[in-house]
Amino acid sequence: MSNFIAQSELYLPILLQGVYLTILVTAGAFVLSTILGLVLAFMRVSGIRSLSAISRVFIIVVRGIPGLVTLFYIYFVFPDLGLSLTAVQAAIIGLGIAYSPYQAEVFRSGMEAIDQGQTEAALSIGMGWGLVMRRVILPQAIKVALPPYGSTMVMLLKDSSLASTITVAELSLQGKLLASSTFENTTVFTLVALIYLAMSLPLTAFNGWLEKRLRQPR
Amino acid sequence: MTIISLSNVRKFYGTHEVIRNVTTSVAKGEVLCLIGPSGSGKSTLLRCINGLEDYQGGDIVVQGARVDRTNRNGIRTIRTRVSMVFQRFNLFPHRTALENVAEGPIYVKGEPRAQALERARDLLARVGLADKANSYPTQLSGGQQQRVAIARALGMQPEAILFDEPTSALDPELVGEVLGVMRSLADEGMTMVVVTHEMGFARDVADRVIFLDGGILLEDGPPEDVLVRPQNPRTQDFLRRILPT
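So the protein sequences, as listed, match chains A and B. The numbering used here runs 17 ahead of the 1-based position in the first sequence. The numbering used here runs 10 ahead of the 1-based position in the second sequence.
The set of hints was computed from the structure by calculation and includes no laboratory data. The beta-carbon is built from N, C-alpha and C at its ideal position, and this holds for glycine as well. Among the hints, a few may not be true.
[Claimed, not checked] One side only, chain A facing chain B, incomplete, derived with CB under 10 Å:
no., residue
1, L98
2, A138
3, M144
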């Protein structure tokens with residue numbers, strides 16, 4: 018145990034260098050997947066058949082391809098098409114796209130959970146589609162969507178380790194490099210696991226706090 | 011002066027015809043009650059008037075404008091002139107009673123916030139809920155919620171209000187307070203179209219009663235004729251079943 022602590026003091030700074038990239042990739046992909054997910058969900062519930070169909074096909078296709086393959090595709094295939102990205106850019110865009118179907122389904126199920134009578138009441142006072150969404154559906158849907166949205170955030174944090182496969186030196190890749198150069202597999206990978214856990218806990222706590230806040234009287 | 015007119019209105023669900031050539035009209039200040047067995051098409055007909063449902067034949071005209079769901083701006087304008095009160099209230103649960111009433115005036119009609127809130131307060135007082143302005147719908151009884159919904163409909167300063175079975179979801183002891191508010195609206199000259207099973211209300215308050223069965227308009231006349239001396243055997247049969255003798 019004392020050995021573990023001594024080694025930890027040595028290895029932690031190196032691993033923490035990877036944490037920065039893990040957070041960057043996670044945050045970037047989360048923002049991108051949220052935006053894409055919202056657009057896909059709006060297209061799906063828009064009532065316009067062509068938009069809904071495009072959204073549905075996109076979701077089926079992207080969800081059916083492993084995130085790892087999406088990353089490879091963007092990092093290795095796009096340059097052949099004349100679009101070169103840095104490894105970090107490719108990781109953010111790839112994970113953002115790979116996660117957008119899950120986000121879209123979270124948002125859609127939130128919106129569809131709201132009683133049809135709410136839409137009718139909003140329409141009956143003359144609201145158009147935009148107002149119905151903004152003033153009536155979304156404020157209620159967000160409460161329904163928040164718990165699965167929070168889980169998605171934690172899943173994405175963990176899956177940011179996929180970026181290691183396209184040379185992004187984030188936490189798991191740093192760990193792998195460190196372990197293969199020191200042969201201290203136990204110490205290094207225990208530390209890596211603990212750091213991931215330490216990052217996911219605040220996310221979970223924040224999500225719980227937000228849920229509670231939104232559930233208050235209103 | 012006619013506010014709402016329906017001529018030869020037909021509606022289909024697939025090949026099933028649920029409204030069959032209904033023609034009638036509602037004059038300014040008139041209270042029209044729609045009665046009939048469940049599944050007769052009376053709620054559907056009501057929902058066609060403000061375009062919550064579409065119809066396939068004939069015309070519905072509100073103050074000179076044809077109700078046409080494909081005309082987005084047109085239908086929104088019609089809905090600001092003809093409000094609706096629903097069976098299940100459909101208040102916005104994330105907003106207070108006051109905000110529910112002020113929502114349409116502020117966000118749809120662009121009324122200044124302070125003015126809209128003050129008017130909303132007056133309207134809540136008018137339905138007897140001045141002290142509930144800051145309550146959320148879940149904190150109110152069914153009867154109170156429905157009165158807030160009536161205030162919300164009034165907030166749009168409509169030419170007419172459509173009531174879709176406004177007391178059917180209420181506990182029996184709460185029906186009276188809602189009917190009381192509707193009665194006073196009628197006394198003040200509000201144009202109202204009411205789908206109801208409350209025969210007492212129809213008899214006392216309605217200027218005209220329509221009896222629908224199977225999507226067909228079978229009777230249209232003053233309540234003393236339709237409810238007391240119905241011509242059609244199906245109306246007679248319906249009233250025999252619904253009215254305690």
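Should the interface hint for L98 of chain A be scored as holding, given a Cβ-Cβ cut-off of 10 Å against chain B?
-> Violated. Min distance 40 Å.
Against chain B, run the beta carbon of M144 of chain A and see if the smallest gap drops under 10 Å.
-> Hint on M144 of chain A: holds, closest Cβ of chain B at ~6 Å, below 10 Å.
Hinted contact A138 of chain A with chain B - closest CB pair below 10 Å | Holds: closest Cβ of chain B sits about 4 Å from A138 of chain A, inside 10 Å.
The earlier numbered hint that this structure contradicts is number 1, and it is the only one.
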